[in-house]
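All chains, full assembly: derive it from the sequences and hints.
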Amino acid sequence: MLNRKIVENVLEEALSRGGDFAEIFLEDKMTSNIKLVQGEIKDSLSGRDFGVGIRILDGTNSVYGFTNGSSEKELVNLAKSLALSMDGGSKAHSRMLGEAIIHDNSPVKTQLSTVGKGDKVDLLKRAYHSAKEFDQVISQVTTAYMEEEQKVFIANSDGLWTRDDRTRVRLAVSATAGLNGELQQGYFAPGAAMGFEFFDYVDVEKVGVEAARIAKAMIHAKYIPGGKMPVVIENGFGGVLFHEACGHALEASFVSKGTSAFGGKIGQEVASSFVTAIDDGTIANGWGTTSIDDEGTPTRKNVLIQNGILKSYLIDKLNGRRMGLESTGSARRQSYRYPPTSRMNNTYIATGHMTLNDMIGPIEFGLYAKKLGGGSVNPATGDFNFSVMEGYLIKNGEIADPVRGATLVGNGIEVLRLIDGVGSNLRMGQGMCGAASGSIPVNVGQPAIRVSSITVGGRRGND
Amino acid sequence: MDFDAFSSLVFDHGKGRLDEMELFYTSRRALRIEVFNQKVDNYIVSDTAGVALRAVGSLGMGQSFTEKMDERSAELLVEEAYQNGQFTDADERPNFAKANEARGSRHNISERLENMQTNEKIQMMINLETEALSLDSRVSKIQMCTYEDNLTERKIRNSLGLSLEDSSSLGYVYISVVAEQGDDVSTGSSFAVFRDPGEIDISEIAMEAVEEATSLLGAKPISSGNYGAIIKNRAFVDIIEGFMPAFSGLNVQRGLSFLKGRIGEVIGSPKITIIEDPFLQDGFASCDFDDEGFRTTRKTIIHEGRLKEFLYDSRSSKKEVNKTSGNGFRDSIKSTVGTRPTNLLVEKGSRELVEIIEEMDSGILITDLAGLHSGLDFVSGDFSLQAQGFTVESGLIGEPVKGITISGNMIQLLAGIEEVADDIFFGLPGNGCYGSPSIKIDSISVSGY
Numbered sequence: 009m010l011n012r013k014i015v016e017n018v019l020e021e022a023l024s025r026g027g028d029f030a031e032i033f034l035e036d037k038m039t040s041n042i043k044l045v046q047g048e049i050k051d052s053l054s055g056r057d058f059g060v061g062i063r064i065l066d067g068t069n070s071v072y073g074f075t076n077g078s079s080e081k082e083l084v085n086l087a088k089s090l091a092l093s094m095d096g097g098s099k100a101h102s103r104m105l106g107e108a109i110i111h112d113n114s115p116v117k118t119q120l121s122t123v124g125k126g127d128k129v130d131l132l133k134r135a136y137h138s139a140k141e142f143d144q145v146i147s148q149v150t151t152a153y154m155e156e157e158q159k160v161f162i163a164n165s166d167g168l169w170t171r172d173d174r175t176r177v178r179l180a181v182s183a184t185a186g187l188n189g190e191l192q193q194g195y196f197a198p199g200a201a202m203g204f205e206f207f208d209y210v211d212v213e214k215v216g217v218e219a220a221r222i223a224k225a226m227i228h229a230k231y232i233p234g235g236k237m238p239v240v241i242e243n244g245f246g247g248v249l250f251h252e253a254c255g256h257a258l259e260a261s262f263v264s265k266g267t268s269a270f271g272g273k274i275g276q277e278v279a280s281s282f283v284t285a286i287d288d289g290t291i292a293n294g295w296g297t298t299s300i301d302d303e304g305t306p307t308r309k310n311v312l313i314q315n316g317i318l319k320s321y322l323i324d325k326l327n328g329r330r331m332g333l334e335s336t337g338s339a340r341r342q343s344y345r346y347p348p349t350s351r352m353n354n355t356y357i358a359t360g361h362m363t364l365n366d367m368i369g370p371i372e373f374g375l376y377a378k379k380l381g382g383g384s385v386n387p388a389t390g391d392f393n394f395s396v397m398e399g400y401l402i403k404n405g406e407i408a409d410p411v412r413g414a415t416l417v418g419n420g421i422e423v424l425r426l427i428d429g430v431g432s433n434l435r436m437g438q439g440m441c442g443a444a445s446g447s448i449p450v451n452v453g454q455p456a457i458r459v460s461s462i463t464v465g466g467r468r469g470n471d
Numbered sequence: 336m337d338f339d340a341f342s343s344l345v346f347d348h349g350k351g352r353l354d355e356m357e358l359f360y361t362s363r364r365a366l367r368i369e370v371f372n373q374k375v376d377n378y379i380v381s382d383t384a385g386v387a388l389r390a391v392g393s394l395g396m397g398q399s400f401t402e403k404m405d406e407r408s409a410e411l412l413v414e415e416a417y418q419n420g421q422f423t424d425a426d427e428r429p430n431f432a433k434a435n436e437a438r439g440s441r442h443n444i445s446e447r448l449e450n451m452q453t454n455e456k457i458q459m460m461i462n463l464e465t466e467a468l469s470l471d472s473r474v475s476k477i478q479m480c481t482y483e484d485n486l487t488e489r490k491i492r493n494s495l496g497l498s499l500e501d502s503s504s505l506g507y508v509y510i511s512v513v514a515e516q517g518d519d520v521s522t523g524s525s526f527a528v529f530r531d532p533g534e535i536d537i538s539e540i541a542m543e544a545v546e547e548a549t550s551l552l553g554a555k556p557i558s559s560g561n562y563g564a565i566i567k568n569r570a571f572v573d574i575i576e577g578f579m580p581a582f583s584g585l586n587v588q589r590g591l592s593f594l595k596g597r598i599g600e601v602i603g604s605p606k607i608t609i610i611e612d613p614f615l616q617d618g619f620a621s622c623d624f625d626d627e628g629f630r631t632t633r634k635t636i637i638h639e640g641r642l643k644e645f646l647y648d649s650r651s652s653k654k655e656v657n658k659t660s661g662n663g664f665r666d667s668i669k670s671t672v673g674t675r676p677t678n679l680l681v682e683k684g685s686r687e688l689v690e691i692i693e694e695m696d697s698g699i700l701i702t703d704l705a706g707l708h709s710g711l712d713f714v715s716g717d718f719s720l721q722a723q724g725f726t727v728e729s730g731l732i733g734e735p736v737k738g739i740t741i742s743g744n745m746i747q748l749l750a751g752i753e754e755v756a757d758d759i760f761f762g763l764p765g766n767g768c769y770g771s772p773s774i775k776i777d778s779i780s781v782s783g784y
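Protein sequence lines, in the order shown, are assigned to chains H and U.
Counting in the numbering used here, the first sequence runs from 9 upward without gaps.
Counting in the numbering used here, the second sequence runs from 336 upward without gaps.
Keep in mind the hints are simulated off the structure, nothing from the lab.
Hints are supplied without guarantee of correctness; some may be wrong.
[What the hints assert, rightly or not] Just a few of them, taken from the derived set where beta-carbon distance is under 8 Å, the chain H residues facing chain U:
id, residue
1, Ser-24
2, Leu-53
3, Gly-59
4, Gly-73
5, Val-145
6, Ser-147
7, Gly-271
8, Gly-332
9, His-361
10, Phe-394
11, Ser-432
[What the hints assert, rightly or not] No farther apart than 25 Å at their CA atoms in a straight line, the calculated lysine to any residue pairs in the SDA-like style are these:
id, chain 1, residue 1, chain 2, residue 2
12, U, Lys-433, U, Arg-633
13, H, Lys-236, U, Met-459
14, U, Lys-654, H, Ala-152
15, U, Lys-669, U, Gly-563
16, U, Lys-669, H, Val-123
17, H, Lys-13, H, Val-116
Quick reminder that beta carbons are idealized off the backbone N, C-alpha and C, glycines included.
Pasting the structure below:
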């Protein structure tokens, strides 16, 4: 993508006025999105992202610049303007660049660009029909196909020269149910770091049915009466609980600045002994998997919490310097438009031994959250919230009426201590995670878990 | 290659294959400075540009984009748009703006911002961080202390001869602080958006963030139930922005809005009026044309509780009102044209917030909301949001509150508005710029302990 002489000149220029580390990140990405509304293709959009980011580190300070240019002149000029913000200390040198061999965690069989758009449109129509025809209460269906082929090249003054090709594909179905002037939605969107062979593993019709099933269940649901209660959260995307309640606060970007509720707690008990939590960037073809992170460090499996004891944070190079720790291969960024920082890849709570019945049986009154929506957290306080897409009341140890409009709010540190049951049915769900370095694909996952008490936002006096 | 040369290349390549073409160009030059512990911790400069093509061929509309402007990319742009048009619904073809439909072009460039030296910007942020830390001993850390300014340019050319451009510069300063007392931790934030750096009042920004963080120390949930509530301007503006997609003509047509079929109906209290004003003096989203090159227009969306009109881009307007309302905007070159407002304002009332608080016997004052991207559903109108604020007893602000949610439906919320204060507040401009005063509602459902 860039020749050796240009890269060496740019890194040399970047370090000409001080700094001890310089890095080039080049990205060339093709994306294609097709959207089908009520059976017709409304939008088909594709194109190319292209840009270069240059970063200089000086101890624990960072300077970053990015441009769409790729000529030697443009890149040297960018490096020069970044170097101007250095204090003019002694000139550092770049080491000889050597190519790194990487292990490909997400092999691709059928390149997405070799498949005609017609085949992709067919998938959307199949998913549409299965959702629309699921029940007459389904009033609206939108299906979307998304693919990207991102090529990244990373070189740095420590001698790194590496590249990675990342292919991702996703099918999203959003079904709306309408009844008596009310609307309720269901959503399901599986994805993977895979080629078109993804659709050999995913049953397109079932994706449509799943979204429609949720919408139908919720249009017949009443609003939940809010309050504190025990909650059982089903597997798969339910893992967003751990992602929000704890994962973000374990990111070194917060820990290194002392603004994480989990700072300084390595080796301490931070969760109930039922909880073992892992972030693994190497899961074969996982939605959040990459072979190397966005600083060129190979990704790995990081055990964050083991039987309740905090074991590790998620660390990138810059924050690693601030903390005196090595990178955990967790530096990520949406694109060349962001300097990388510590983020999650595929984060999940490990398998336990309980069955769903074990967990629900003892509950007199509570909530069974079968599907969760998105959420957010304030990492400094640990206060989080997320919405329940599909919920049911638990009455006298059994799953009862469907309920809508529920939100879960709580505090990360508190909720981890209140997990008093972990099931054996581990599954992953796919999401997009937004934070300082942009929006990135992540897997969240867990088996079904039980939280003994959590505030459920709902409506009093309305039902 | 510059945009002039690139656009001629694309039009040449497309001739014969595509009937009509429209090119949309944006560029952005930006500087971001993050200060931590009295030093520059992150310093980011950027200079980027990109082009999007919308093309109408024998079938539907095809769309493509590129961030690289060279010969090969011009071919790619045309080829991708052509292929993308092969499957698209022919009814979804927009009308492109004719040359004479265009109007003026503004260049909201601030010379004082352009001339401000980087060192001055850094010093200002160090001062802000220092001041926030010194105001109250309970302030333990600064979570974020960020400066950003940018200069954006927009150019539209189409095969009907339209050629438009404008540009705008602005900056903002943001701080988020952490306060601690014993085991209790809370955060507060504040920001200022500006064209003229001379207008920034560092002390005020520091004080607001510190006051928010410290006043919430010791906050606890309250019991679940229905409460009379005052929603502060900066919280209510988030609700208004979150529900704006329900006012999009495109979403309404697609059956994705609870407002479908309700034009002309009373959907809110007579106290509520919402307008869109693209020509607002000093408005951060003021502009004369939308991203399709059509004139923007001033409009009343809700007038004294009655729903008056939706926002349209070219293609959604074809099916209903047959005239775009000049609300066709893109999030970026990589997204399709959707609808959004420019400057959107909830009209202010005549009463001061303190008066409204003084008259409240018992209830809550909501100062901040979270979870807006997941807890607010513009399709059904339902919301259930994490909230914080204070209790109000006998006209006085009482205990700090957190760990609760407020829930309801947008229609119920609009109908329940009893008072509108005179304290208009604008959120950070992103896709449009939203402003609102504080409001009082008769009742809201709260879940706590």
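The hints, checked one at a time:
1. Ser-24: violated, 16 Å
2. Leu-53: Holds, about 4 Å.
3. Gly-59: holds, 6 Å
4. Gly-73: With a closest approach of 4 Å, the H:Gly-73 hint holds.
5. Val-145: violated, 13 Å
6. Ser-147: holds, 6 Å
7. Gly-271: With a closest approach of 10 Å, the H:Gly-271 hint is violated.
8. Gly-332: violated, 16 Å
9. His-361: violated, 31 Å
10. Phe-394: holds, 6 Å
11. Ser-432: violated, 28 Å
12. U:Lys-433 x U:Arg-633: This hinted pair holds, its Cα atoms lying about 21 Å apart.
13. H:Lys-236 x U:Met-459: The hint is violated at about 46 Å.
14. U:Lys-654 x H:Ala-152: holds, 23 Å
15. U:Lys-669 x U:Gly-563: Since the Cα atoms of U:Lys-669 and U:Gly-563 sit roughly 44 Å apart, the hinted pair is violated (cutoff 25 Å).
16. U:Lys-669 x H:Val-123: Answer holds: U:Lys-669 to H:Val-123 is near 21 Å, not above 25 Å.
17. H:Lys-13 x H:Val-116: With a Cα-Cα distance of about 31 Å, the restraint between H:Lys-13 and H:Val-116 is violated, given a limit of 25 Å.
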